[in-house]
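Student: What follows is the residue order along each chain.
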Amino acid sequence: MRRRRALRILGAAGAAPLIAPGWSVSDLLSLGLDVRREGSPASGAALEALNAEQARAFTALSDVIIPETATPSASAVGVTEFVDTLLTGWLSEDERDWFLAGIDTIDPLSQRAYQAAFADCAPESQVAIVAALDAELDRLRNDPDSDETRNFFYDVKRFTLAGYFTSEAGLQSLGYRIVPGAFEGCVVLDQYGVGGRR
Amino acid sequence: MSAPFVGRQEAYDAIVVGSGITGGWAAKELTEAGLRTLVLEAGPMIVPERDYVEHVPPYRMPYRGWNDRKALDADQPIQKECYACDEMGRKFFVNDRENPYTTDPDKPFLWIRGRQVGGRSIMWARQSYRLSDLDFEANARDGIGVDWPIRYADLAPWYDRVEAFIGVSGQAEGLPQLPDGDFLPPMDMTCVEAAVRDRIARRFGETRRMTIGRTAVLTRDHNGRKACHYCGPCHRGCSTKSYFSSLNATLPAAEATGLMTLRPDSVVHSVIWDSDKGRVTGVRVIDRESHEALEFFGHVVFLGASALESSRILLNSKSADFPDGLGNSSGVLGRYLMDHTMSTGAKATFKGWEAHGYTGERPNGVYIPRFRNVTEPSPDFIRGYGYQGWSSRKGWSRGLDMPGFGADFKRQMTEPGVWEFELGAFGECLPREDNYIELDAEQTDAWGIPALKIHCTWSDNERIMMQDGAERGAEMLEVGGGTDIELLTDLTAPGLTIHEMGTTRMGRDPTTSVLNGFNQAWDAPNLFVIDGGAMASSACQNPSLTYMALTSRACAYAVEARNRGEL
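Sequence lines, in order, name chains A and B. Here my numbering is used: position 11 in the first sequence is 97, and no number is missing along the way. Here my numbering is used: position 235 in the second sequence is 644, and no number is missing along the way.
If you're looking for bench data, these hints aren't it; they were derived computationally from the structure. Virtual Cβ for every residue (Gly too), placed ideally from N, Cα, C. Hints may contain errors.
Claimed, not checked - Once the Cα atoms are required to be at most 16 Å apart in a straight line, the calculated EDC-like pairs of lysine to aspartate or glutamate come out as:
#, chain 1, residue 1, chain 2, residue 2
1, B, K479, A, E181
2, B, K650, B, D674
3, B, K479, A, D180
4, B, K479, A, E254
5, B, K479, B, E463
6, B, K803, B, E842
Claimed, not checked - Cβ pair distances, simulated, as ranges:
#, chain 1, residue 1, chain 2, residue 2, range
7, B, P786, A, D231, 39 to 47 Å
8, B, D893, A, D190, 36 to 44 Å
9, B, S868, A, T174, 41 to 49 Å
10, A, V274, B, D515, 47 to 55 Å
11, A, D224, B, E615, 33 to 41 Å
12, A, A128, B, Y492, 26 to 34 Å
13, B, A764, A, P194, 41 to 49 Å
14, B, P585, A, C272, 43 to 51 Å
15, B, Y492, A, D231, 40 to 48 Å
16, B, T892, A, A217, 25 to 33 Å
17, A, S211, B, D810, 41 to 49 Å
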């Protein structure tokens with residue numbers, strides 16, 4: 087009665103996962119039903135995937151993309167720790183290795199140009215490097231023969247934006263409220279740019 | 410089955426299989442009529458205070474709402490195709506490894522399931538539309554499938570009854586193909602939607618009309634449930650019970666009678682047929698956790714486990730009298746599987762509204778009722794489609810499609826982006842004999858019950874119709890003032906619309922249908938199938954409201970027949 091067989095999914099995801107021998111129904115259920123509520127690690131939590139140099143380089147990169155203004159910077163809201171969580175449990179091994187290899191190119195780049203690790207460069211030097219990375223990404227974006235999502239800096243930007251704007255401070259900057267209380271379909275924004283999705 | 414089933418002595422007045430949108434209605438109607446009713450649910454209990462997660466913000470989740478990809482790939486590779494199977498809400502979807510099925514190699518069917526108290530009424534998208542005689546007469550008119558044994562007049566009072574209880578917000582339009590109900594106040598359109606509505610009305614006159622979606626979400630307090638607070642992700646539950654689900658409304662009503670026994674973790678294996686009495690006497694159950702085999706007895710049995718699950722139970726209910734499954738003396742049990750076509754349409758951006766926005770998250774969109782082969786004939790296909798649409802302003806994710814970084818870029822991302830408006834056609838699917846399910850002789854689920862082999866494809870009528878849906882959608886967005894118009898022409902696999910239906914269809918003739926016009930099995934007078942299996946045609950409207958109205962009507966019929974001593 088507990089016989090289990092391969093689940094064939096044809097045309098859906100193309101995967102053919104097997105029910106691993108030795109799994110109990112309660113194991114399967116806990117995997118299928120568990121919703122983890124512990125939350126993302128906060129800024130300053132221990133890192134598992136990024137080594138110290140990689141963490142310093144990524145943190146500096148993300149803070150050039152989302153710097154501190156009237157609202158906090160990317161690193162201040164835990165973006166580095168979020169990316170470490172993605173690298174640990176979300177990305178495939180290939181995707182993780184590819185991302186880390188990309189991070190590992192940053193310090194050599196800044197060493198050649200400015201004789202310092204990226205995190206130690208002057209702000210204007212960091213901006214110059216990020217501007218070059220962003221310009222290359224934009225070139226690929228506009229090249230019909232290229233896929234810009236295969237560029238390492240695409241993921242840097244993607245993870246930074248997502249980590250920032252799904253953080254509590256980031257959501258606050260968007261005017262996000264968990265319980266808005268009302269839906270008003272057609273309002274003139276009190277000042278352009280504020281509260282489109284409050 | 411190797412394990413013997415252990416019978417329970419107690420006999421209930423009624424057994425309801427399934428606790429979702431139709432099982433919940435049967436539980437309410439039967440208990441309120443005084444019947445001691447056992448409700449069997451295959452999945453676990455859901456306790457709203459503990460299990461609803463609609464207010465969990467992304468920063469409370471490890472992947473911030475980007476989903477636990479590895480867990481989904483391992484355990485829910487089919488379920489993850491549904492948008493609602495997300496990082497917070499995926500516990501409301503089945504584990505695909507426990508619940509296997511197969512399809513033909515080149516014919517995918519996505520079977521999206523929720524097994525828990527409340528069923529899929531927890532995650533449904535709540536759009537609620539009536540069918541009309543355009544739909545009930547369609548099979549007879551086209552000579553396709555079997556004629557519906559009922560007409561709109563038969564069902565109208567039951568639509569009234571269901572809507573009065575669940576609460577449907579919307580706008581009366583007076584359209585014959587989409588009958589009005591007694592609606593709660595309509596939700597707002599956005600500025601762009603209202604402008605597009607007006608331009609479509611000016612251009613297409615009386616034939617095409619955009620209205621606000623009709624949705625089972627409360628716009629004011631109703632029957633002890635609170636008005637919506639517009640938080641957005643309804644599919645994760647609703648602490649204020651503002652949208653209708655069995656868990657939020659019908660099951661509590663049944664519970665209040667003191668006559669309902671709800672047994673979660675009860676995977677129904679088959680229906681018990683008594684050849685001498687010529688009746689069903691109960692159901693066989695495998696306990697989800699202990700795997701104990703049990704029998705429960707009742708005077709009347711209602712199957713509301715969803716079209717494919719109820720059909721599977723009946724196919725598995727084999728006896729000397731019914732070697733091919735109970736209810737299958739016609740040979741059509743499990744056949745004429747339908748789903749709605751989805752995902753073709755058009756989208757566009759709208760300029761000139763940059764100073765306008767909206768507050769809150771509306772759990773609803775706009776709707777354009779069917780006009781094809783109503784007021785605008787098509788030479789290329791029969792039946793038609795309606796559109797669901799929605800507009801919004803782009804958020805920070807647009808930052809991935811543009812250059813920029815730094816303080817100015819950061820400020821820009823906190824501002825709302827360009828207006829986008831998408832129209833998605835939902836099309837009618839014809840009932841075809843070669844869209845069918847059968848029991849798998851080899852594969853079983855985790856409870857030893859035969860899995861399904863599902864054979865289902867779209868036909869040319871659906872493909873041609875949905876291409877038209879994309880083109881007419883683009884046309885309306887252009888008329889509405891949109892730019893950068895994009896045609897969406899890729900049809901998703903059948904199943905993903907999650908409107909599977911038709912496998913126990915009702916009809917006028919026992920040789921070509923499974924049920925009569927009261928959802929009563931031709932083969933067994935005290936057996937009713939109340940879910941989407943009963944549908945003789947699919948129409949193009951979202952079907953749950955019709956399932957509920959059919960259930961309410963079937964229950965009243967059964968109670969009256971019982972009171973007359975006929976059941």
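Student: Are any of the numbered hints broken by this structure? If so, which, sorted upward?
Tutor: Checked against the structure, the hints that fail are numbers 2, 4, 5, 6, 11, 14, 15 and 17, while the rest are satisfied.
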